[in-house]
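Construct the entire structure; sequences and hints are all you get.
The primary structure of each chain is shown beneath.
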Amino acid sequence: MAERAEERGVIPAQLAARRSWRLPPIVQRLLTMPLRDPFAFVGIVIYLLFLLVAVFADRLATTDPTEILFLSTGKVAANMPPGAEYPLGTTNLGRDIYAQLVHGTESALAVGLSAALIVALVGTVVGLVAGYFGGWIDALLMRIADMALSLPFLPFVIVLIGFLGPDTSNVVLAVVLLLWPNSARVIRSQVLSLRERSYVEAARVTGASQARILFVHIAPNILPLSFVYAAIAIGWAIITEASVSFLGFGDPDNVSWGMMLQDAFASQALSRGQYAWFVPPGVCIILVVVAGFFISRGYEEVFMPRLRR
Amino acid sequence: MSALVELRDVVKHFPVSRSLGEIVRGRHPAVRALDGVSLEIGASDAVAVVGESGCGKTTLGRLMLKLTEPSAGAITFDGTALGGLSGASLRAFRRQAQLVFQNPFDALNPRFTIYRAVAEPLLNAGIPRAEHADRVAQAFRRVHLPDLERYLDRYPHQLSGGQLQRVVLARALVLAPRFLVADEPVSMLDVSVRAGILALLREVRDDMGLTAVYISHDLALVRYLCERTVVMYLGTMVEDGPTAEIVRNPRHPYTRALVAAVPVPDADQARAPLPIAGNVPDAREPPSGCRFRDRCPHAFARCAEEAPALRETADGHRVACHLDN
Chain A
1 MAERAEERGV
11 IPAQLAARRS
21 WRLPPIVQRL
31 LTMPLRDPFA
41 FVGIVIYLLF
51 LLVAVFADRL
61 ATTDPTEILF
71 LSTGKVAANM
81 PPGAEYPLGT
91 TNLGRDIYAQ
101 LVHGTESALA
111 VGLSAALIVA
121 LVGTVVGLVA
131 GYFGGWIDAL
141 LMRIADMALS
151 LPFLPFVIVL
161 IGFLGPDTSN
171 VVLAVVLLLW
181 PNSARVIRSQ
191 VLSLRERSYV
201 EAARVTGASQ
211 ARILFVHIAP
221 NILPLSFVYA
231 AIAIGWAIIT
241 EASVSFLGFG
251 DPDNVSWGMM
261 LQDAFASQAL
271 SRGQYAWFVP
281 PGVCIILVVV
291 AGFFISRGYE
301 EVFMPRLRR
Chain B
1001 MSALVELRDV
1011 VKHFPVSRSL
1021 GEIVRGRHPA
1031 VRALDGVSLE
1041 IGASDAVAVV
1051 GESGCGKTTL
1061 GRLMLKLTEP
1071 SAGAITFDGT
1081 ALGGLSGASL
1091 RAFRRQAQLV
1101 FQNPFDALNP
1111 RFTIYRAVAE
1121 PLLNAGIPRA
1131 EHADRVAQAF
1141 RRVHLPDLER
1151 YLDRYPHQLS
1161 GGQLQRVVLA
1171 RALVLAPRFL
1181 VADEPVSMLD
1191 VSVRAGILAL
1201 LREVRDDMGL
1211 TAVYISHDLA
1221 LVRYLCERTV
1231 VMYLGTMVED
1241 GPTAEIVRNP
1251 RHPYTRALVA
1261 AVPVPDADQA
1271 RAPLPIAGNV
1281 PDAREPPSGC
1291 RFRDRCPHAF
1301 ARCAEEAPAL
1311 RETADGHRVA
1321 CHLDN
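Chains as they are written, first to last, in my numbering: chain A, 1 to 309; chain B, 1001 to 1325.
All the given hints hold, so there is nothing to weed out.
Quick list of in silico lysine to any residue cross-link-like pairs, SDA-like style, CA-CA up to 25 Å:
#	chain 1	residue 1	chain 2	residue 2
1	B	1066	A	136
2	B	1066	A	197
3	B	1066	A	135
DEER-style ranges, computed between Cβ atoms:
#	chain 1	residue 1	chain 2	residue 2	range
4	B	1089	A	165	51 to 57 Å
5	A	139	B	1176	38 to 44 Å
6	A	42	B	1123	41 to 47 Å
7	A	140	B	1069	21 to 27 Å
8	B	1086	A	49	53 to 59 Å
9	A	150	B	1023	24 to 30 Å
Just so you know, these hints were derived from the structure itself, not from any lab. All of these numbers come straight from a predicted model, not from anything done at the bench. Idealized CB from N, CA, C, for every residue including glycine.
In structure tokens, the structure reads:
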């Protein structure tokens, strides 16, 4: 009898003790991924650098990027070459290029990260619902996705901004409207295959609710895909914002790299040889977009190793 | 004897995509997985469902667990029609009827620890968390995985097939169900661990007084587990009776072939060639009349015209064959 009591009492107690909190393996893998993939590591370092710049922008560049600067002589400090006072020189209207570059990081990251978050969220939910429930829900959602996919990218963004006004949040909205179908479609197809796995059926047999099957049994398995699409969306959103600003449809109150390029272009900076005006923002755009690509590539290889050659 | 599970003229057709010609002609092609199956399973009975691949035995199991809905016919569990279950009544049914899967490597969520997998049914059934550890421990002891500590925090890929199948069984038993369907429970396992799992299934059934359905293609296995056997062919029941009777005295030509196909331990023993040849016909276009007629050595004119009904021949033994009439 003593033995029985021990079996019944002690084991559950030990069990309870062992049920300590720990990171789920998916999170562990997400966190350790950069250490295993050098490309992803580089991408994350680039992001961290830009993130730091954005956070400390006001301290890194004390000049207001939109302020028109004057020389001690009272003349506008236009087209100054790079030097001690203005690290990257000034624009043809006497604005500090370095300050614009630093503050442009803020808007680039704000656009990129918010677009990525919303694209991943919308794409994941739509993909899960369409794939799991199937039938007319699936047909409806996927036809809407097809329509969104058939929109031409930049013209759509320009038209949307034409209607809603030149605001950074409208650029994010446009990017989300255009990018969610990609992630939704891929996630849907993954859900279609996961839905047929025995353990999903097992969850049904044991009485799990639809929501529990969808979000506890299926969703964690497609999360890596959401990350991949989020990382891709960062780059797309920043490029789109830059393109729109370059074409002159950007938010006039918002300093961004695209706006800098547009300014430089419109004032013929190249003919004056003001390379310090347009090369740095161009390089920054490339770096952020490439970093996003590297990170998505890293996640892809960690979570879908079969793709690796 | 009262029936716990009862199937009345159950039909299950899976529609297949239509070709343009079929749409024009207004045809609706379907795989006829089950065509009119009626079956009563008494409480605490162990029934084997045998037949070759594609005969509808897995569909039958899924229907009995309300994992799929019949195209026609009715299924009742303990007097309640499964078709009408939803919400709370469906959850109550889920607590009583469980499934053991064919492939234990796929039956457990790879992201769940063993403990979480086995506790999942308790969570879904709304059993207070305080009782979970105790009941999981109990289920583990029942399936002879007593050294809990070694398994609970592991993930499925860290266990062997035999261990996984025990975990799957523990999950099925943790709610103390009344009805258990085991779909080819050992076919994916190494031969060396099959005997252990079979012995366990038998022991669990005897101990818990479960009503059980074992789905298998292997008559030898069924003989060990079940008193009653149902033989299926291409979506229909061809023979139903006490296992011993069916093995000793098979009436239907198909059952005879199945019995003849059971391997014998003596490799030198001369074996008669199998009485049937060929493969199961396409379930979209089954033969007219008796579905077995194109492979049956005894087929005659009537077999093509009229489908044989399941008729009682001896005590509790039913056969669907014109020869027996």
